[in-house]
Amino acid sequence: MALGGYANHVARIDLSAGSVAYEAINEDDARLYIGARGLGVKYLLDNGPQIDPDGVDNMLAFVNGPLTGTEATMSGRLAVVTKSPLTGTVSDSHIGGWSAARLRWAGFDALIFSGKAATPVYAYVEDDKVELRPADDLWGKGVHDTVATLADRYGENVSVMTIGQAGENGIRFASIINEDDRAAGRGGMGCVAGNKNLKAVVIKAGKDRMPRAADRDKWKAAHQVALQSILDSEVVGPKTGGLSLYGTNVLTNPVNALGAMGTRNSQTTTYQHAEMLSGETVRETIMVGEPTCHACPVACKKEVEIKDGPYAGLRMESFEYEPAWSLGANCDNSDVGVVAKVIDQCNDYGMDAIEIGNVLSSYMEATERKFVQGPGLDWGDGEAMVATAELIAQRSGIGDTLAEGTLRACESWGHPEIAMVVKGQAVAAYDPRGIKGEGIGYATSNRGACHLRGYTPASELLGIPIKTDPLEWKGKGELLKVFQDLHAFSDSLDLCKFSAFAEGADEYAAQYEAIVGETMTADDVMLVGERIYNLERYFNNQAGFDGSDDTLPDRFTKETGTGAAADSVCELDDMKVEYYAARGWDDGVAPESKLRELGILS
Amino acid sequence: MEVRVYATLRPIVGGRSVTIDAPPETVQGVIDELLRRFPDLEERLVEKGAVRPYVAVMVNGRDIRHTGGLETVLEPDAELDIFPPVAGG
Chain U
1 MALGGYANHV ARIDLSAGSV AYEAINEDDA RLYIGARGLG VKYLLDNGPQ IDPDGVDNML
61 AFVNGPLTGT EATMSGRLAV VTKSPLTGTV SDSHIGGWSA ARLRWAGFDA LIFSGKAATP
121 VYAYVEDDKV ELRPADDLWG KGVHDTVATL ADRYGENVSV MTIGQAGENG IRFASIINED
181 DRAAGRGGMG CVAGNKNLKA VVIKAGKDRM PRAADRDKWK AAHQVALQSI LDSEVVGPKT
241 GGLSLYGTNV LTNPVNALGA MGTRNSQTTT YQHAEMLSGE TVRETIMVGE PTCHACPVAC
301 KKEVEIKDGP YAGLRMESFE YEPAWSLGAN CDNSDVGVVA KVIDQCNDYG MDAIEIGNVL
361 SSYMEATERK FVQGPGLDWG DGEAMVATAE LIAQRSGIGD TLAEGTLRAC ESWGHPEIAM
421 VVKGQAVAAY DPRGIKGEGI GYATSNRGAC HLRGYTPASE LLGIPIKTDP LEWKGKGELL
481 KVFQDLHAFS DSLDLCKFSA FAEGADEYAA QYEAIVGETM TADDVMLVGE RIYNLERYFN
541 NQAGFDGSDD TLPDRFTKET GTGAAADSVC ELDDMKVEYY AARGWDDGVA PESKLRELGI
601 LS
Chain X
1001 MEVRVYATLR PIVGGRSVTI DAPPETVQGV IDELLRRFPD LEERLVEKGA VRPYVAVMVN
1061 GRDIRHTGGL ETVLEPDAEL DIFPPVAGG
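Just so you know, the protein sequences line up as chains U and X, in that order.
For what it's worth, the numbering used here labels the leading residue of the first sequence as 1, then goes sequentially.
For what it's worth, the numbering used here labels the leading residue of the second sequence as 1001, then goes sequentially.
Hints listed in this document are in silico derivations from the structure and should not be mistaken for laboratory results.
For every residue, glycine included, the Cβ atom is placed at its ideal position computed from N, Cα and C.
For the chain U half of the interface with chain X, some residues (derived, Cβ under 10 Å), not all of them:
# : residue
1 : Gly242
2 : Ile464
3 : Lys467
Per the computed footprint, the stretches of chain U lying under chain X, defined by three or more beta-carbons under 8 Å from a beta-carbon of chain X, are:
# : stretch
4 : 244 to 251
5 : 256 to 268
6 : 445 to 455
7 : 496 to 506
The shape of chain U in the complex, shown without the other chains (with noise of 0.2 Å):
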């Protein structure tokens, strides 16, 4: 193979035949979507965008990026491609850890599974193989019980990435979970390795096989450049920057402040709780570690101790902003145990922590509304939402509703207002009354809504690349654009999204091009990021999505927050006209002369 970086080892996993067979990587699809996400969507379209995301022809695929595993600063992530069973969209997800710096060092780019084995089955891997192996002792365990048992089984320089009870249960937002409670979290991934009866993925692997970059001398440049950026960043610094001391949930105060955390389902945009929740208070009160994944010295995760209340003694992470907000603001409670105690059973029982507080959250709206029969969920009622956390995974009772998602729970009870989702999929941590870029963000999210497709928090709060307002809505669709294309080369190379608070589009360039030996620029950067993006919307308009889907909730276009949001709605209208321009797209669908410009069609 002519580029650097990749093993150029595939594993295509038939469960259905319960056979393994081995490919190459095209190297053309690498030159034009780089690996993980790009690729693995690649892979995904190949599959066929109108299969049924239920059943046995969708696929599951752990996708590498060619930066993944090496010495590149936060460079352990892999991506999860699949159809998603709650949007009905492609879908990836990526986890941290040591996940995937393991499958790169045993050896592969991509495991991509297919069909459904008879019975429960795990796959093991290591050098430059994979086996399916018995998975009936393991299946009904959670994710905790199951990493220990495998860990057991197979020693050191071992990842564990797993579904719980909630994946064998076929709850549509359950994700994959590995040994350092990372997560594969958003859009049902772990629903569809239980569709599958695929309980687990077993990596073996030291970093004695790290791989090295094409150019030792160009890399060694391009690394200490882009390690620097971070060490200096005021952000990311590590032991200084305010994501490394206090983790993701530092915003918990700025984005309350801004008018723009949503509360009691978003009903208001502000929360007079906002601190016993954030980030400082955490650290103040309740941090015991702060972990971190290969090749990452900012450590920004949060392993916490609760010290009194019903949850005394549980230690877990991570205390993130977002299920600090889904769980806390959104459901209006404030109480930092039944947090952690609803983000360890997420963690357990291998849920989406989003997800999750949007479905309770919703569910304590109908039940004030009085939309529901029964006694229903009250706000900010901890110890009831643990219980139906449970009953959740167990899909018992209304939890079998409930597990469903937030968009078909609300349905079911018919009020789909009252589901904060776009696509089926529910909203992050950012009212886009109070920051508007995400309002377009989630609309647009080729997976359903998602903060993290096109991060314009970075400009709106920070001031990175420029700082623009965040209750203007002018701009917005062309900044949009240009953070979903950066984002969408970074999750391909690939790096934690983190890296962009101090790298941009001349470091991500300089990286590939040292450890892949192919020429690139800044801007071939944000070209190929535009090229995955229209990729995946691609996809979805064959999947029969178009700009009818990209929407929001009336709440958040009708309706005013509060705060410094008192007088804003989210002009949804005006920002996709000039998003839909920047893009080239017909009302949401990418025409094929842009498919063809972008050389995804030839």
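Keeping the supplied structure of chain U fixed, place chain X upon it in accordance with the hints.
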């Protein structure tokens, strides 16, 4: 006036907020008073006479970079929050 500060600024001022008994008319006056009382804040907050890049000074939830900068006028009941560079996801 209570000036609320966050994250890495808290250890410098020794708490979550600073009380200013005679509220200045503009944000510039607040910053001057904070730097007088807590000189270690200077390298975190200001650079060449302006608020440092990525530092968010908010009056009633509005970043002063969009309301007139340090000359932003403070009403008597204004709420003032100061954030060092923070981000996440």
